[in-house]
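> Taking the hints into account, I'd like the entire structure generated from these sequences.
If you read the protein sequences in the order shown, they are chains B and R.
For the first sequence, our numbering puts the final residue at 248, and the numbers step up evenly by one.
For the second sequence, our numbering puts the final residue at 1248, and the numbers step up evenly by one.
To be clear, the hints were calculated from the coordinates, so they are not data collected in a lab.
Please note that a few of the clues may not be correct.
Stated by the list, open to error - Below 20 Å or equal to it, Euclidean Cα-Cα: the simulated EDC-like pairs (lysine to aspartate or glutamate) are:
{"hint": "1", "chain 1": "B", "residue 1": "K30", "chain 2": "B", "residue 2": "E240"}
{"hint": "2", "chain 1": "R", "residue 1": "K1011", "chain 2": "R", "residue 2": "D1203"}
{"hint": "3", "chain 1": "R", "residue 1": "K1011", "chain 2": "R", "residue 2": "E1140"}
{"hint": "4", "chain 1": "B", "residue 1": "K11", "chain 2": "R", "residue 2": "E1240"}
{"hint": "5", "chain 1": "R", "residue 1": "K1011", "chain 2": "B", "residue 2": "E215"}
{"hint": "6", "chain 1": "B", "residue 1": "K30", "chain 2": "B", "residue 2": "E215"}
If you're wondering where the values come from, they're calculated on a predicted model, not measured in any experiment.
2 protein chains.
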Amino acid sequence: MTYCAALKMDKHLIFMSDTRTNAGVDNISKFRKMFTWSTPGERVITLMTAGNLATTQAVVSLLDERSKAPEERDPTLLQVPTLFQAARLIADTLNEVVHAHADEGQDAEAAFRATLIMGGQIAGQEPRLFLIYPEGNFIEASAETPFFQIGETKYGRPIILRAFDPAMTVEQALRLLCVSFDSTLRANLSVGMPLDVHVYDADALKTGAQFRIEENDPSFSAISQGWGAALQSALEGLPEFAPPDLNS
Amino acid sequence: MTYCAALKMDKHLIFMSDTRTNAGVDNISKFRKMFTWSTPGERVITLMTAGNLATTQAVVSLLDERSKAPEERDPTLLQVPTLFQAARLIADTLNEVVHAHADEGQDAEAAFRATLIMGGQIAGQEPRLFLIYPEGNFIEASAETPFFQIGETKYGRPIILRAFDPAMTVEQALRLLCVSFDSTLRANLSVGMPLDVHVYDADALKTGAQFRIEENDPSFSAISQGWGAALQSALEGLPEFAPPDLNS
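Here you go:
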């Protein structure tokens, strides 16, 4: 399993992904799930992946090889004129990889599926964020839905739904993501530290702060430990539920 | 979809279930998912159901008919000597119903599946709580895992994991369940109000407070509305996450 989330903020795109992959509970590895391509001053594209590791590695490798040898096959991620075209290129590549194994039947196709989040900016255009489905179609984040999640999305979703505001500062948004990831890490063993982060600053047109949050990171630990106590006191601050006929 | 949760507390068993069923988003109905059988002074058994409605209704009807005409088929829920035997009886009934349709193939079997929570008490024995799987096997709640959820369990799980304590008062436990259900209701349209509740008092050997929380219930609304603000301020009370090289 995997958990990745991306926030489309007023002045930033923030990406966070875990690094655990597993084929059964006794076969756990650490793999990077966040990838960035950029031509400084012209474009930055970040991709996060969830699903079958062979599929996502093949997709990333194909995109990567093509961007390094553009003469072999046009267009590449570094050439497409818009992020919409980039989403289409990635989606087509994903579809191609998944269907290369589809001879094995429908079950195999299901097993080889992957879901992707892609976001970034191309010079002269707005920052954009896309969610790419295994079927090869995709949707774009909007003002109504300014964030996407892939993988094990449910545990960490309520807090984002309740608290995310695109006008937040980067530090506040990272805190929110840390809480969302912490809830997921606690509930699903197949999502694991460390976490990869990319904070893209709108209109910078170069990769922003990229860093890894390790298991013993003091900021993450403070948020994780503080959250338990904070939730407890948030709960205690609410009115208790008085059952109507409990004393009847 | 469905969401049901049951808490095994020091002095109570608390059951809460939603009432929405759907076959597609354009075919939504309201059905009770909580059922109680009792012989006052001797036993109380509460069952909650998630999964295929035809399956769960058939299971409940079979259990019900047998308990009303025990001479036709022994033993019944009102006769089995222990709750372990009650879990086995329910699990066998579930398995029988699911497999009655299994001629249609594996897909049909998957579609007809259901998961159940059963809890209660028989005179001279401790209160017990069971989770019954569609395969017809089951597990019992313990001190380490004193609660069970079925249906759409993930959205409402982190808060129970963080905050549930079997020594809570009934009013505190109901508040916790309201928060857990509120998170689920907000995230999944196929889980819906009203909510059914049964608060069983240990050693009472009769049904406890049973009531329905309607959409406009003032206690539930106060908790739901308060929770958003409380989460927000809980989050704001945490240290912000300072990215290591954001200013480099």
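> Against each hint, give a clear statement of whether it holds in the structure.
Verification of the supplied hints:
1. For the suggested pair K30 of chain B and E240 of chain B, the alpha carbons sit about 44 Å apart, so the restraint of at most 20 Å is broken.
2. Restraint check for K1011 of chain R and D1203 of chain R: satisfied, since their Cα atoms lie roughly 8 Å apart, inside the 20 Å limit.
3. About 17 Å separates the Cα atoms of K1011 of chain R and E1140 of chain R, which keeps this hinted pair within 20 Å; it holds.
4. A distance of roughly 18 Å separates the Cα atoms of K11 of chain B and E1240 of chain R; the hinted pair therefore holds under the 20 Å criterion.
5. With a C-alpha separation of about 39 Å, the suggested pair K1011 of chain R and E215 of chain B falls outside the 20 Å cut-off, and the hint is violated.
6. About 13 Å separates the Cα atoms of K30 of chain B and E215 of chain B, which keeps this hinted pair within 20 Å; it holds.
In this structure, the hints that do not hold are numbers 1, 5, in rising order.
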